[in-house]
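Enquirer: The primary structure of each chain is shown beneath.
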Amino acid sequence: MSGAHAIELRGVRKSYPGFMLKDVSFTLPSGVIGGLIGPNGSGKTTVIKLIMNLVRREAGEIRVFGLDNQSAEIEVKSRIGFVYDVPGYWDDQSLDSQRRALGAFYPRWSDETFRRLAGEFGLPLDKKYKALSHGAKTKFALAMALSHGADLLIMDEPTAGLDPIFRRDLLKRMSALLQEEGKTILFSTHITSDLERVADVITFIRAGEVVFSLTRDELLDGWAIVRGDDRVVRELDPRLVMGVRRRPFGVEALVSDGDAVRRAVGGRAVVDRVTLDDVMVLMSGEVRHAA
Amino acid sequence: MLRNALRKDLLLNARHLWGIVPWFLWVAYAMTEPDAGRITAVGAAFIGSLMATTIGAREDKLRTTATLASLPVSRGTLVEARYLVAYIVGAATYLIVVVMAAGLPWSVQRAAELCELKTLLLTLTLASAAIAVLMPVVIRFGLLGVLVFLGVFQLLGVGLMVAFEFFGSRSSVGVFSAIERGIAALHAGLEQPVVILETLAIVGLAIWLSFRLSVFLAKRRDL
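Sequence lines, in order, name chains C and W.
Per our numbering, residue 1 is the first one in the first sequence, and the count goes up by one each step.
Per our numbering, residue 1 is the first one in the second sequence, and the count goes up by one each step.
Do not rely on the hints blindly, as some may be mistaken.
Computed, partial: chain W to chain C, Cβ under 7 Å [said to hold, decoys possible]:
#1 K8
#2 L12
#3 R15
#4 L62
#5 R63
#6 T64
#7 S70
#8 L71
#9 S107
#10 A111
#11 T119
#12 D222
#13 L223
A partial selection of chain C residues facing chain W, derived with a Cβ cut-off under 8 Å [to be verified]:
#14 A72
#15 Y106
#16 E196
Label-pair distances were calculated between CB atoms; the ranges are [unchecked claim]:
#17 C:V86 / W:L209: 29 to 39 Å
#18 W:A206 / C:D92: 41 to 51 Å
#19 W:F153 / C:D92: 49 to 59 Å
#20 W:E33 / C:G18: 54 to 64 Å
Worth flagging that the hints you see were computed from the coordinates, not collected in a lab.
Positions of the beta carbon are idealized from the N, C-alpha and C atoms, including for glycine.
Given these sequences and hints, build the entire structure.
Expert: What follows is the structure, given as structure tokens:
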């Protein structure tokens, strides 16, 4: 395993009653923004929890900056800023009390950074956590995650429930962290427009399996969507067809090599660039696959 | 790291520990009774330790257990802090009762009696028993664990009472007086060096086993 990767998963397995994460493998290079997407219940949160060692893996290997996330847990976690999908803090305590109690665990904690971020996010430090809105709670979690000089930021659905203005601000901040400080970010989301805006690497998980892990350019420039009649789609190389959707006036197929398919179908079908929405919809569970 | 974990438990769960305060009202009243002061002092430390032991249940409810597990601190250290906090709170509660015995104008309980070695050791034994039994349950099952644990004890008590009422020759009161007699006998015995050493060894072993079990459970728990 290479030290150039911020995150490396190899053959990771975890099972719950009715769900299994099957031999999940992917890497996230240092200094990029990685997005995890997939339908509800596909295993995105489980993957994030496994990286954070919040749940125990049954098999496989997880390395963060080349270190095993279990045997070097403390060192690994001191380099990670983590934002949970539903941030859990002490309801009856002020934000400042929580800053004092939790910041002390991090060797590189900076009160100055925290206060600056709290000011930028409009967080009232003397207020109790329970008095905050959902968005403000996420902002607080984000301020905590960004105040200890983390090299890697892991966020589970950070933009869910945020207003569009703060969502845009958060994405801008993520890009700035990457460009100005060389941080690595991994986040899961359902909002494909967020991924299209900032993600360099996109990992798609479905039913506990990694379907692909590609750079945004590989995906959006290389893949394509074919719209035509059933006969044209049936003639496509099945190895290239990732998903099919039947529409009232024809068939849509998601293909993993747009150029090859363009050459194959000629003018008999329309071959368009894909959007992440197309990928999500065509690769979700209800879609019948041609292959 | 242990210091940070201790500080976190005491700072962020202070409000939970205020739940002990009503017990002090009872203590204040009990100080008027000639024989009740010592029992309420031991009881205060017992309750204080129990309250501190259930910090984990509160943190489960608030979903902060996962937040804690994401910090750069081992789960073992967090568990260690929990045990220490339980003892610190138990000791602080006992100390407050001693001060009340000395300071309340209507108190008939002499503070010096509460500082006798045998009373201190009895308090340590009972508080340790509570911590040793409840802590692994809290750590593994959280709030639900506490509720189930207390529910089972409640049902066990009711079951015993019913069983003795219908099938036994003794009344249910006999069970509780037997427990009371046992505690009194232990208290009396704690004047002898052999009993002191045996008790300390048993308490130490029970807490060590409980701690190892709690660490094992904490490390295996999926959050």
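Enquirer: Each of the hints needs a verdict: does it hold here or not?
Expert: Evaluation of the provided hints:
| no. | hint | in the structure |
| --- | --- | --- |
| 1 | K8 | holds, 4 Å |
| 2 | L12 | holds, 5 Å |
| 3 | R15 | holds, 5 Å |
| 4 | L62 | holds, 6 Å |
| 5 | R63 | holds, 3 Å |
| 6 | T64 | holds, 5 Å |
| 7 | S70 | holds, 4 Å |
| 8 | L71 | holds, 5 Å |
| 9 | S107 | violated, 33 Å |
| 10 | A111 | violated, 34 Å |
| 11 | T119 | violated, 35 Å |
| 12 | D222 | holds, 4 Å |
| 13 | L223 | holds, 4 Å |
| 14 | A72 | violated, 10 Å |
| 15 | Y106 | holds, 6 Å |
| 16 | E196 | violated, 28 Å |
| 17 | C:V86 / W:L209: 29 to 39 Å | holds, 35 Å |
| 18 | W:A206 / C:D92: 41 to 51 Å | violated, 33 Å |
| 19 | W:F153 / C:D92: 49 to 59 Å | violated, 28 Å |
| 20 | W:E33 / C:G18: 54 to 64 Å | holds, 58 Å |
In this structure, the earlier hints numbered 9, 10, 11, 14, 16, 18, 19 are contradicted, and the remaining ones agree with it.
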